[in-house]
Every structure is written in structure tokens, then in C-alpha cells.
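Chemist: Residue-level listing of the chains:
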Amino acid sequence: MSKTIVLGEEEVVIIGFWTSPYAMRVQIALEEKGVPYQYVEEENLFHNKSPLLLQMNPVHKKVPVLIHNGNPVCESLIILQYLDDVWNQKYTLFSHDSYERAKARFWVNFFDNKIADCGRRMWASKGQDQEAAKEEFIESLKLLEGELGESPYFGGEKFGVLDVALIPFSCRFYTYEMFCKFKIEKECPKLMEWVKRCNHRESVSKILPDPYKIYSFVLHFKKMLGID
Amino acid sequence: MAEEVKLFGAWGSAFSLRVDIALKLKGINYEYHEEDLFNKSSLLIKYNPIHKKVPVLVHHDKPLAESQVILEYIDETWENYPILPKDPYERAKARFWARFIDDKCFPAIWKAYWSKDEREKAVEELIELLKFLENELDDNFFGGETVGLVDIVGNIIAHWLPALHEVAGVEILTEEKFPKLCRWSHEFVNHSVVKEVLPSREKLIAFLRDRLESRSS
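Which chain is which? The protein sequence lines are X and H, in order.
For the first sequence, the numbering used here puts the final residue at 270, and the numbers step up evenly by one.
For the second sequence, the numbering used here puts the final residue at 244, and the numbers step up evenly by one.
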């Protein structure tokens, strides 16, 4: 029996890992766009990467990878831009205004660089280094809060690319708070309101894992790495 | 109206030069402000309070920072001489390699030239990274027949790397190992528009030698 190709039906696969906020970005975006996709969990990401991942992302060997009609797209922000380039009839992540688009790209890069620096130090370091990481993290959240202003979302009235990029990290907040002994709500109340608002969206509540499970995972991960 | 577009840059900065290249390729008039990076202007700090770095593009009084963010903005705003392809998959690939150069190659170049302890390991790493780019090239430029985003971002490899070789005596971009990259680098630095903008090789070598010496003293 020959396979019938239905117009509009395309093969979209995403390789991810359940704790990866970068993979969550892509899934949330696909949900918001109503694009059907198949999710593949890279189960042994840390010990034994799959042949599929190594074939699709030979340069970085990381998740997420989007595979569209057999072609791989890597790096979460690049994937988000690709999704907007291909599926833009119903909902676009980026603004139509080029200056707003540029600002969004700037802030995603800003946050990604910050979290790459501070994130791990908050749960893996101790003493002064951990404290410094926490301070830098809070400072960056405050800057983002400033960017949010009085709008419901970073995209203004619209749930936009910066919202999609940042919200997955909210499920790590509990972990950072537990390790560094602080409350993000106290430091950035407006941002926490934004987190609650985003969690009302179906795409977000469907995709984001339980923050307690993330915390458990990090505890286990530290043991695995031999960090106490 | 040249005042509509302003660029805050610094001579010797590969990042700021990328924006000059893009603006010149598209024939955009702009006002250039040279920054002394050891004595930054209050305007620069006002326009880029977060990083306080060059380049900063100001268009209709709206500032933008980060060279790759600026390059995409320029391409979206002035559609002549496109530096990104139209096809979504080709665009994604171009963005990927541009990020690869800044996120992976640049730190390795930095360590290979400026750090004596980490040099050997950084050189090995840089060679492995450049192999990916070597494989990716199959035309005159990464952008195909014309200079594109990856070529512009690659200015650091085409022009700065050979200059650093003279200064630190570490040669990485050889014809033997990287025949395509070497040919590309020659095409790029001799491109009619690019060569008007690039600092001269001799001046760049002197500038980098000065920086290296002041770092080690």
C-alpha cells in the first residue's frame, strides 16, 4: 500500500532531554504554532549519545536538534528562528518589527551567556563562588524584569520569543533557591507574576516538568559527577 | 541622512569591523565614532549599559549591541545585497556557522595566542574546529558567490588569524591543512569592498604585538 502524503503534513522530529530548558523552548514553540511533531528522548545523553544525535549534531553533540524532513537544525535560538521562517501563518514568535526582533535576540543571548556562567555554579559551587553566582543571577533577572516593564509578556501583549526562551528556566528556580538559600519571589516579584501567567498557557503547562523532579535530578547528577 | 545611522566602533576590533563591512556592502551612509576602549565615552555607556562594548549601532536613535544581532538587523532593514539566504534551512545553517565561529573558534583563538599555558591544547582544539569550516566551504565564499553573514563573521579567521600568527609565531591556517579556508581568506581580504574597510595587515600586526607585549608585562 503506497503512503499518501497529505498537504501540510511534514515530518518534524525533536531530539531532547527532559531536563533541558533549550529543548523545552522548541517544544513550547511547536505547541504554540500547532505543528505536529515527534519527540525523541535522548536517554543516555551524558554517558552514551545515540547514533541519531551524533549524526544530526556532529559538531556540538547536544540537544535540542530539530529534524525537518530529514534535515537537522541545531541550537535552540536558531531553531526558533527557523520555526518562524517556516510556520508563520498562525502565530509568530518574533515581532514583525526588526528593532524589536533584534532586541529579543540580544536578550536571549544575554540570558544564555549568563546562565551558562552562573547556572552551574549555583548548584555545583560552594562558598564565595556560589554566592557570587547567585548575585549575578539575581542581577540579570532584575535587568530582565526591567525589560518586561508593565507588559504581560516580554513580547508585549503577545507571548513571544523571549517569553518562550526564558520560561523553561523557571522550573530550575526551585533548585537554585534550595542550593543558594534565597527566594526569587522576594527579589523579583514581577518576574514571578510573569512565570505564573505563562504557566496558564497550555503549551507551557504541558511541556514544563515538575520543579521538584528537576531538583531531585540535580541532586542525583551531583552524586554522579562526584560533587558533594 | 548620514546621522540616521551611527556606528560606535574601535579600530582593531574584528567585531566592530564586521558592521562596517555590512554597511559598506549595502552602501549605507553612516557616521562613525571611534571609541577609546580604555576610556569609553559616556555615549557608548548610555547606548550599551549592559556590556559597555563596541560595536553599537544607533539607527533613528535606537541603539543595538552585539555584532551578530546588528548584522541581522542591518540585513532585515536594508534589503539590497542580502547577507543571509532566503531559504529557511540555508538561513539556519548560516546562523549556525556564524555562532560556531564566535562561540567556539573565537575562545580557542584567544587562548591559542594570548595564553602561554593553554596554548598547545587550544591550538589542537582550534585545528579541529577549523576542519568543520573547511568541510563546509564549497564555493568562493560561505555565502556562495557573494560575501554573506558567515564570511563577515569569519573576518576574525581571514584577517586576524594570519596577523596573530606573525605576532605570536603560532601558525594554524596553513595551505597544507586548510587549502579551501586559505583560498577563501585570500578572496575575502581582497574583496573590493572588504579591502577598503580592513585595517592594513602591517598596522594590525603592530597593534596586536603591542597588546600582547603589554599583557605579558
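Accuracy of the hints is not assured; some may be wrong.
List time: in silico EDC-like cross-link candidates among lysine to aspartate or glutamate, alpha-carbon distance up to 20 angstroms [what the hints assert, rightly or not]:
hint, chain 1, residue 1, chain 2, residue 2
1, H, Lys131, X, Glu142
2, X, Lys156, H, Glu163
3, X, Lys103, H, Asp165
4, X, Lys156, H, Asp129
5, X, Lys104, H, Glu145
6, X, Lys103, H, Glu161
7, X, Lys104, H, Glu203
8, X, Lys232, X, Glu199
9, X, Lys103, H, Glu155
10, H, Lys113, X, Asp126
11, H, Lys33, X, Asp154
12, H, Lys73, X, Glu142
13, H, Lys138, X, Asp159
14, H, Lys80, X, Glu73
If you anchor each label on the Cβ, the simulated ranges turn out as follows [claimed, not checked]:
hint, chain 1, residue 1, chain 2, residue 2, range
15, X, Glu181, H, Asp129, 33 to 39 angstroms
16, X, Ala174, H, Lys230, 38 to 44 angstroms
17, H, Ser241, X, Lys265, 22 to 28 angstroms
18, X, Glu181, H, His60, 25 to 31 angstroms
19, X, Glu53, H, Lys148, 47 to 53 angstroms
Selected chain H positions facing chain X (Cβ under 8 angstroms, derived; list incomplete) [stated by the list, open to error]:
hint, residue
20, Asp88
21, Tyr100
22, Arg118
23, Phe127
24, Leu225
25, Arg228
Please keep in mind that the hints were generated in silico from the structure rather than gathered at the bench.
Note that this is a predicted model, so its numbers are computed, not measured.
For glycine and all other residues, C-beta sits at the position ideal for the given N, C-alpha and C.
Chemist: If a hint holds in the structure, say so; if it does not, say that too.
Modeler: We went through each hint and held it up to the structure:
{"no.": "1", "hint": "Lys131/H x Glu142/X", "result": "violated, 27 angstroms"}
{"no.": "2", "hint": "Lys156/X x Glu163/H", "result": "violated, 30 angstroms"}
{"no.": "3", "hint": "Lys103/X x Asp165/H", "result": "violated, 24 angstroms"}
{"no.": "4", "hint": "Lys156/X x Asp129/H", "result": "holds, 16 angstroms"}
{"no.": "5", "hint": "Lys104/X x Glu145/H", "result": "violated, 25 angstroms"}
{"no.": "6", "hint": "Lys103/X x Glu161/H", "result": "holds, 19 angstroms"}
{"no.": "7", "hint": "Lys104/X x Glu203/H", "result": "violated, 31 angstroms"}
{"no.": "8", "hint": "Lys232/X x Glu199/X", "result": "holds, 16 angstroms"}
{"no.": "9", "hint": "Lys103/X x Glu155/H", "result": "holds, 15 angstroms"}
{"no.": "10", "hint": "Lys113/H x Asp126/X", "result": "holds, 13 angstroms"}
{"no.": "11", "hint": "Lys33/H x Asp154/X", "result": "violated, 28 angstroms"}
{"no.": "12", "hint": "Lys73/H x Glu142/X", "result": "holds, 19 angstroms"}
{"no.": "13", "hint": "Lys138/H x Asp159/X", "result": "holds, 18 angstroms"}
{"no.": "14", "hint": "Lys80/H x Glu73/X", "result": "violated, 37 angstroms"}
{"no.": "15", "hint": "Glu181/X x Asp129/H: 33 to 39 angstroms", "result": "violated, 24 angstroms"}
{"no.": "16", "hint": "Ala174/X x Lys230/H: 38 to 44 angstroms", "result": "holds, 39 angstroms"}
{"no.": "17", "hint": "Ser241/H x Lys265/X: 22 to 28 angstroms", "result": "violated, 46 angstroms"}
{"no.": "18", "hint": "Glu181/X x His60/H: 25 to 31 angstroms", "result": "holds, 28 angstroms"}
{"no.": "19", "hint": "Glu53/X x Lys148/H: 47 to 53 angstroms", "result": "violated, 41 angstroms"}
{"no.": "20", "hint": "Asp88", "result": "violated, 11 angstroms"}
{"no.": "21", "hint": "Tyr100", "result": "holds, 4 angstroms"}
{"no.": "22", "hint": "Arg118", "result": "holds, 6 angstroms"}
{"no.": "23", "hint": "Phe127", "result": "holds, 7 angstroms"}
{"no.": "24", "hint": "Leu225", "result": "violated, 25 angstroms"}
{"no.": "25", "hint": "Arg228", "result": "violated, 30 angstroms"}
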